[in-house]
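Same order as they appear, the protein sequences are chains A and B. With this note's numbering, the residue at position 366 of the first sequence is 368, and numbering never jumps. With this note's numbering, the residue at position 132 of the second sequence is 134, and numbering never jumps.
Rather than coming from a laboratory, the hints here were simulated on the basis of the structure. Warning: the hint list may mix true and false statements.
Since the list gives no way to pick out one identical chain from another, each pair is judged satisfied if it fits inside one copy or across any two copies.
[To be verified] List of simulated lysine to any residue pairs, SDA-like, C-alpha gap at most 25 angstroms:
1) Lys334 / Ala239
2) Lys334 / Glu352
3) Lys334 / Asp240
4) Lys334 / Ala237
5) Lys48 / Glu22
6) Lys347 / Ser409
There are 2 protein chains.
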Amino acid sequence: MSDIESIPSTDQAFLEDFHEVATIGATDAGGVDRQAATPEDAQSRKWFTGWARTRGWEVRVDGIGNQYACTEFVPNAPYVLVGSHLDSQPLGGRFDGAYGVIAALHAAQRVRQAVAEGARKPAYNLAVVNWFNEEGGRFAPSIMGSSVYAGLFDREEMLRARDLDGISVAEALTAIGQLGTDAPPEAAGYAEIHIEQGRILEREARDIGVVESSWYTQKLDIDVLGEQSHTGATAMADRHDALVAAAKVVLRVHAVTESFEEEAMVSSVGQHVVEPNSPIVVPRRVHMIADLRSSSPEIVREARAILLREIEEIAREHDITIDVSDFDIREKRYFPTDGVELAEKAAANEGLSSRRIETMAGHDSVAMNTVVPSVMLFVPSVDGVSHCEREFTTDEDMVRGVAVLTSVTGELVSGELPPEAPWAGKS
Amino acid sequence: MSDIESIPSTDQAFLEDFHEVATIGATDAGGVDRQAATPEDAQSRKWFTGWARTRGWEVRVDGIGNQYACTEFVPNAPYVLVGSHLDSQPLGGRFDGAYGVIAALHAAQRVRQAVAEGARKPAYNLAVVNWFNEEGGRFAPSIMGSSVYAGLFDREEMLRARDLDGISVAEALTAIGQLGTDAPPEAAGYAEIHIEQGRILEREARDIGVVESSWYTQKLDIDVLGEQSHTGATAMADRHDALVAAAKVVLRVHAVTESFEEEAMVSSVGQHVVEPNSPIVVPRRVHMIADLRSSSPEIVREARAILLREIEEIAREHDITIDVSDFDIREKRYFPTDGVELAEKAAANEGLSSRRIETMAGHDSVAMNTVVPSVMLFVPSVDGVSHCEREFTTDEDMVRGVAVLTSVTGELVSGELPPEAPWAGKS
Chain A
3 MSDIESIPST DQAFLEDFHE VATIGATDAG GVDRQAATPE DAQSRKWFTG WARTRGWEVR
63 VDGIGNQYAC TEFVPNAPYV LVGSHLDSQP LGGRFDGAYG VIAALHAAQR VRQAVAEGAR
123 KPAYNLAVVN WFNEEGGRFA PSIMGSSVYA GLFDREEMLR ARDLDGISVA EALTAIGQLG
183 TDAPPEAAGY AEIHIEQGRI LEREARDIGV VESSWYTQKL DIDVLGEQSH TGATAMADRH
243 DALVAAAKVV LRVHAVTESF EEEAMVSSVG QHVVEPNSPI VVPRRVHMIA DLRSSSPEIV
303 REARAILLRE IEEIAREHDI TIDVSDFDIR EKRYFPTDGV ELAEKAAANE GLSSRRIETM
363 AGHDSVAMNT VVPSVMLFVP SVDGVSHCER EFTTDEDMVR GVAVLTSVTG ELVSGELPPE
423 APWAGKS
Chain B
3 MSDIESIPST DQAFLEDFHE VATIGATDAG GVDRQAATPE DAQSRKWFTG WARTRGWEVR
63 VDGIGNQYAC TEFVPNAPYV LVGSHLDSQP LGGRFDGAYG VIAALHAAQR VRQAVAEGAR
123 KPAYNLAVVN WFNEEGGRFA PSIMGSSVYA GLFDREEMLR ARDLDGISVA EALTAIGQLG
183 TDAPPEAAGY AEIHIEQGRI LEREARDIGV VESSWYTQKL DIDVLGEQSH TGATAMADRH
243 DALVAAAKVV LRVHAVTESF EEEAMVSSVG QHVVEPNSPI VVPRRVHMIA DLRSSSPEIV
303 REARAILLRE IEEIAREHDI TIDVSDFDIR EKRYFPTDGV ELAEKAAANE GLSSRRIETM
363 AGHDSVAMNT VVPSVMLFVP SVDGVSHCER EFTTDEDMVR GVAVLTSVTG ELVSGELPPE
423 APWAGKS
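Work out the full structure: start from the sequences and follow the hints.
Below, the structure is given as structure tokens:
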């Protein structure tokens, strides 16, 4: 902010905390590298625990590494959960996830203050959550901790997921002392704030995005199986080069979006591992993961069908095997209309502009929205860039978001969002 | 062999040793995995040392991990070296390299016997060599130990080369106790036998290939630098996907061979590393190594020029940076004609058919041939396959090769190949 003196002290405290956490796992180019259950992730978790305990919140860690800072207003009542995740992509940005957790801590602290002062009458208790492994960069699938909480993923199965070095989630969480045994708080509702990771708010100069639905997404596990041979001694005609066939698959996954209206879908390969990966060996195997997303489930299904046909042709052309399997299918899902309206009012009350928006990215709120009424807010992202070190959101925009999140959290704690919303089953 | 009883006991001993070494680092599919300076490589080196010491050879290890089994016939005279390498590609074949070392041990032992019996008069001493890291799968460049011996590579620089886990050659050799301090024997000549790794001998039903020249080869280090972003949230038009651009480069490297006559060159990408390699991140970087080879230096140079132009176009089209640099250029090189004729006579004396042949693959002999007159022999490879687990050569063909190698080694020890051969400088 241009004039730090003019900022209220509560906002200054938020900004100080945000910028302090951004130093954990900081990279030279202004990003962070805090992949799930690494020493850097452990450090941010320690910061979370310290912050909460200092202020009298009870910290719990559940059996998939989710951290909760809990406060009880109404004995035996369920909790409003508010939060996001402190883990990052490899060489990720410092806003993705961390902004939501630190905003949640400050919003929750303000709501607790309001309850203590009698300014807000609580119907539910309140907890801030740092979900485990939202990013899925080290351990697939992503959105792991909140999906286990929501019963979408099996905890035991997730604990067995392994990174590329063969280390399991259970081993990695144990190594950082974060495989907990605490019971997670029972949820009555959920709120989350996040950077947009797109350009819509910036382009339209809106302060707040209120998420009304999440894109339909699915991944394809693609295993290209050729034959290993000598890069020097094997005649071109005798080769079954897995990398050449894989390169064609990568290009088809990229190009399939052109079969649809511009921006109607996104599609790409992010993980792509070559074996044996020796300079002098024609590759025998490429294992890759493609990520297909659209607001329209029909478009993703049609793109998938096109790709399966094209991949079959590539396999035939190269006389090699390409195995493809679906995984991590996430239905298009609507957030409750009552929650969207509640968030719009909260923004208006703060004198801020807002617009309804879809989320292309997955978020913990998407998992939580399958079990309790959830509210998801966005703040603008400069240039729309994300999952990279130059990801950026201004202090002003962050502070505005904290104000709206505080208001939304307060309303949820007061029971203003009905637990049985009309959205149920609208996935 | 169909009837083991009919095989001379010396050949039986060779076959027993060969099949014993094939159990070190053996894979389920009949191959071996003995990458340079791994525990499996250490085990095969221990076998080499044990075999040689038991039979009274003096074992030395030099400062780049080359192992020598030496015997002195003529005090202060230089040595005829004969050997190959015991390291393998990841999931490599059991013949590539290992056949040459075990054949050399047996050939050398037979020559020593002949000298002891007065049947052969020596002009030089004799050493069997197991060159370090011929394969280059773990540490680039390949043909490392013999190239350091020949003064083509700098020892200190090679000791600093690192594998994909960041471990240096010096660290890896130290870890297996094979970073030696012995002076290597001074060479007067070199002989090596190897499987063909091609189909020519099999197709023409010849027993022995006598290598007259090695292909011109070079590698390209290609670094594709895009921008990391979110696979879900980033609009297709806003991406600078390094993997998509890299896929186009892979296909161009593959297709460039079509600009020339069939089989006139080979070209491929063997190593290809994606960063950050997370399923949910558009890749920021792909680092790859392309391998171009031809009998004709002009063809490789022309292919390189075509690729540089095409890669520039790809970089422009994707608005990303692609850095390309040349490395590991190996000139087309002729083996001495005297040596070729000597080997042809040796084959004929054994009643075997032979033909002159080019080597597409690099070998330790190619490095040694730059400093001393060298002879390189091939035996047939079934289906021509190599650098893979189903690489195969029959016992009969291996035994025939040992006989010819024994004869060639004996002739070299007797000084039948002039040290200043007319081939010098014909590279």
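Which constraints among the numbered hints does this structure fail? Numbers only, ascending.
2
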